[in-house]
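Colleague: Each chain, letter by letter, is given below.
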Amino acid sequence: MRQSKLALGAGYSALILISILFIIPFIWLLRSSLMNLSQIFTMPPEWIPAPFQWDNFRRALTVLPFDVFFTNTMIIVLSVLVGTVATSSIAAFGFSRIQWKGRDTVFAILMTSMMLPFAVTMIPSFLGWKMLGFYDTFYPLIVPAYFGGGIFNIFLLRQFYLTIPRDFDEAAVVDGASYFQIYWKIIFPLSRSALIVVALFSFLGSWNDFMGPLIYLKSDKLFTLALGLQMFQGSYTAQWDLLMAASAAVVLPCVIVFLIGQRYFLEGITLTGLKG
Amino acid sequence: MRRGLWYGLLFTAPAILGFIIFTLGPMIASLALSLTDYNVFKEQTSFIGFDNYTRMFSGEDDLFYKSLGVTFYFVVLRVPAVIIISFAVALLLNMNVKGRAMFRTIIYLPSIVPAVASAMIWMWLMNPDLGLLNSLLGWFNLPGSNWLYAEGSVIPSVVLTTLWGIGSTVIIFLAGLSGIPHSYYEAIDVDGGGWYSKLRHITIPMVTPTLFFNTIMTIIGSFQVFNEAYILTQGGPNNRSLFYVFYLWRSGFRDTEMGYASALAWILFIIIMAFTYIVFKTSKSWVHYEGGERP
Chain A
19 MRQSKLALGA GYSALILISI LFIIPFIWLL RSSLMNLSQI FTMPPEWIPA PFQWDNFRRA
79 LTVLPFDVFF TNTMIIVLSV LVGTVATSSI AAFGFSRIQW KGRDTVFAIL MTSMMLPFAV
139 TMIPSFLGWK MLGFYDTFYP LIVPAYFGGG IFNIFLLRQF YLTIPRDFDE AAVVDGASYF
199 QIYWKIIFPL SRSALIVVAL FSFLGSWNDF MGPLIYLKSD KLFTLALGLQ MFQGSYTAQW
259 DLLMAASAAV VLPCVIVFLI GQRYFLEGIT LTGLKG
Chain B
2 MRRGLWYGLL FTAPAILGFI IFTLGPMIAS LALSLTDYNV FKEQTSFIGF DNYTRMFSGE
62 DDLFYKSLGV TFYFVVLRVP AVIIISFAVA LLLNMNVKGR AMFRTIIYLP SIVPAVASAM
122 IWMWLMNPDL GLLNSLLGWF NLPGSNWLYA EGSVIPSVVL TTLWGIGSTV IIFLAGLSGI
182 PHSYYEAIDV DGGGWYSKLR HITIPMVTPT LFFNTIMTII GSFQVFNEAY ILTQGGPNNR
242 SLFYVFYLWR SGFRDTEMGY ASALAWILFI IIMAFTYIVF KTSKSWVHYE GGERP
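One line per chain: the protein sequences are A and B, in this order. In short: position in the first sequence from 1, add 18, done, that's our numbering. In short: position in the second sequence from 1, add 1, done, that's our numbering.
For the record, the hints were derived by calculation from the structure and aren't laboratory data. None of the values given here were measured: they were computed from a predicted structure. Ideal Cβ positions, reconstructed from N, Cα and C, are used throughout, including at glycine. Take these hints with a grain of salt, some might be off.
Said to hold, decoys possible - Derived Cβ-Cβ restraints for the label pairs, each shown as a range:
no. : chain 1 : residue 1 : chain 2 : residue 2 : range
1   : B       : Gly-5     : A       : Ile-38    : 49 to 57 Å
2   : A       : Arg-184   : B       : Ile-279   : 54 to 62 Å
3   : B       : Val-280   : A       : Ser-31    : 30 to 38 Å
4   : A       : Val-191   : B       : Ile-22    : 27 to 35 Å
5   : A       : Ile-38    : B       : Phe-48    : 39 to 47 Å
6   : A       : Ile-182   : B       : Tyr-185   : 40 to 48 Å
Make a model of the complete structure from these sequences and hints.
Modeller: And the structure:
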């Protein structure tokens with residue numbers, strides 16, 4: 019597409035302005051997390067911490083047992099990730115690479131659960147887990163991931179599997195390979211990038227989950243980072259230096275994971291959106 | 002083929018079981034619960050027919066209408082804002098400019114920030130006395146706002162905080178835009194049309210399937226907003242941000258009226274279905290599919 023210099027210049031300026039707007043909250047977060055309270059409260063606001071108050075992070079993370087929250091979060095996040103990747107890819111294989119009667123109908127029925135508000139299943143699920151004696155444990159947060167890993171992920175992987183040429187399987191069938199071998203030796207390795215997308219979404223999804231832990235976890239010692247941060251906010255209302263330091267510490271791992279895997283992220287979102 | 006059915010079911014069994022155990026089962030249970038007065042702290046639970054629903058619609062529970070109003074207001078404000086801004090940003094990102102990848106990263110980055118952390122950041126930005134937003138307004142000699150802490154401004158403020166996270170909507174638009182063949186634009190160049198006719202006759206019609214997808218997902222998401230209500234406002238001030246799902250959670254888990262909360266959940270489900278249905282129905286007249294009859 020040909021673009022005039024003027025239009026390009028205007029667009030460029032707009033992009034820069036928007037980027038600044040999007041980045042300011044991060045800068046505000048960082049600068050507040052490294053300032054002492056008196057500098058935070060100066061008006062008009064200053065941007066550069068003087069001195070750099072690195073101690074904020076140590077204080078913020080030791081007032082509450084954030085190391086325990088971190089461990090809890092990691093246990094949940096990694097368990098969910100393994101279950102999601104394993105079972106969603108197996109299901110997606112069954113919904114795309116095997117021909118069977120009723121396949122697409124079953125898939126369509128499963129897809130409807132994407133429109134169902136979580137609020138509808140929330141209360142009976144809670145009562146069910148409670149009845150089984152698993153209230154205030156990690157199980158309600160982890161176990162569902164081992165049953166298909168969410169229809170969204172199955173959908174995403176199925177979209178990807180459908181793009182792999184059929185000849186691959188047919189050649190393997192001629193060689194006498196079973197479905198398991200086709201899945202494990204051909205499709206699984208070929209779909210590495212899509213699986214990484216699912217793994218990344220799963221990581222962020224459970225790292226960021228707030229309502230799940232809020233409903234199922236009661237004891238402080240089982241709290242996740244998200245719950246811990248919320249608890250922190252409740253008890254240190256005006257301590258913006260510590261609050262921002264704790265928030266920055268919770269945000270940082272997500273940013274790192276994103277920056278490492280960003281190529282896959284953008285691919286993955288594109289994959290889901292293409293079939294509108 | 003028989004072999005296929007057996008293996009097909011085997012591979013999809015975890016997902017199908019998961020659907021039955023974690024979606025279908027709870028759904029039916031929820032419908033049943035909504036017809037009872039189940040309360041965790043009450044000895045007895047009895048079947049009360051549609052009493053929960055009557056209680057909602059008769060106005061006996063005025064918070065029901067209140068929360069419905071708050072949520073509708075939020076949806077009406079947020080959906081067009083998200084769609085228009087995301088589309089505009091995607092158009093900009095679709096230009097052939099240097100540093101596109103960097104801009105894209107910056108715009109997507111906020112959407113991965115955990116809701117709790119994002120809420121903390123925005124509470125601090127919107128702090129009426131010491132927050133950055135009021136200082137910025139001050140520089141331009143504009144009066145400050147009480148943002149999340151005033152009845153009139155709380156919902157627009159929550160909308161503003163969620164606009165920070167439009168990244169994935171933008172990326173989906175961008176995918177739709179990059180799928181438009183260049184030759185289409187060249188045809189307009191030949192006809193001597195400018196950027197406006199390109200936008201009006203090529204870009205917008207071609208991007209309607211993506212627009213459709215994004216609109217539905219944004220509507221569904223906006224009706225279910227919870228974290229913002231719980232962390233930012235707790236429904237205040239004066240119930241002006243009593244979001245529907247927050248109210249539902251409060252009824253079920255704080256007031257332990259789980260029968261009633263289940264009825265609330267079903268009404269939400271019906272509302273979301275209705276909206277999705279309307280968008281689907283109207284989509285025939287405005288969504289353009291490649292190879293369809295409409296140019």
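Colleague: The structure should be examined with respect to each hint, and the outcome stated for every one.
Modeller: Structure-based check of each hint:
1. B:Gly-5 with A:Ile-38: 49 to 57 Å: holds, 56 Å
2. A:Arg-184 with B:Ile-279: 54 to 62 Å: Given range 54 to 62 Å: violated, Cβ gap about 39 Å.
3. B:Val-280 with A:Ser-31: 30 to 38 Å: Holds - the Cβ-Cβ distance for B:Val-280 and A:Ser-31, about 35 Å, lies within 30 to 38 Å.
4. A:Val-191 with B:Ile-22: 27 to 35 Å: With Cβ atoms ~33 Å apart, the hint holds.
5. A:Ile-38 with B:Phe-48: 39 to 47 Å: violated, 59 Å
6. A:Ile-182 with B:Tyr-185: 40 to 48 Å: violated, 30 Å
The structure fails hints 2, 5 and 6 (numbered hints given earlier, in ascending order).
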